[in-house]
Amino acid sequence: MKSGFVFAFCSGCVFPSVWCGILKKKKKSSLQFSYFILKWYISVYTSVMQSFDSSNCLTRLSTQAILGGRGRTPVNFHNTAMPFWNLQDKLGLNVDKWMLHQSSEQPYKRAARCHAFEKEWIECASDIGQIRAHKECRPEYEDFQECITLFKTVTRLKTILAQKKQLIKEGKYTPPEHQSGKPETRP
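Residue 333 is where the sequence shown starts when you use the numbering used here, and the numbers rise one by one after that.
Just so you know, not all the hints are guaranteed correct.
Stated by the list, open to error - The calculated SDA-like cross-link candidates involving lysine to any residue, where the alpha carbons are at most 20 Å apart (straight line), are:
#1 LYS441 - ILE460
#2 LYS441 - VAL427
#3 LYS441 - GLY424
#4 LYS490 - PRO471
#5 LYS467 - GLU478
#6 LYS497 - HIS510
#7 LYS497 - LYS514
#8 LYS451 - GLN477
#9 LYS441 - GLN420
#10 LYS484 - PRO471
These are calculated hints, taken from the structure and not from any lab test. Keep in mind it's a predicted model, so treat the numbers as computed, not measured.
Use the sequences and the hints to build the structure in full.
As structure tokens, this is what we get:
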């Protein structure tokens, strides 16, 4: 096999495995270490792919196919556990933590946009049971959802703009000059 990437196509995803030609030229220990890294990488990739209900074709890959005819036995990638690395904290990112709780500690000690609505909803729903909370705390939950999605606000603004366009079309309303979209006249 020539040096370069070996690819396995699995439901539209490309999986780069290893540079086979380079590994053959190196020592056996580096080959074993690369094999270990590759095995871990495939286990992480298969667990991610399985969580998305994808086809399970990566578990059928053998090390012989991956390492270019080394004559090893196929690997059972299901037995290797996916390690948990909290990369968001290590890299200082905040990608999906907003989905957990906005009332948790915020960066720079600033409350989240919908913190007050979430707090009202949680205080209302705590210790009363799910069925009773669903009935009694519906207004608080709707306020919280509106704060997050702004669905009713956007709908209201769309109707206002439609009414404004209709009035302009009928000639009953003329917008001011600064809203006409024309550049200002300069001296």
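To test your reading of the hints: which numbers does this structure violate? Numbers 1 and 4, in rising order.
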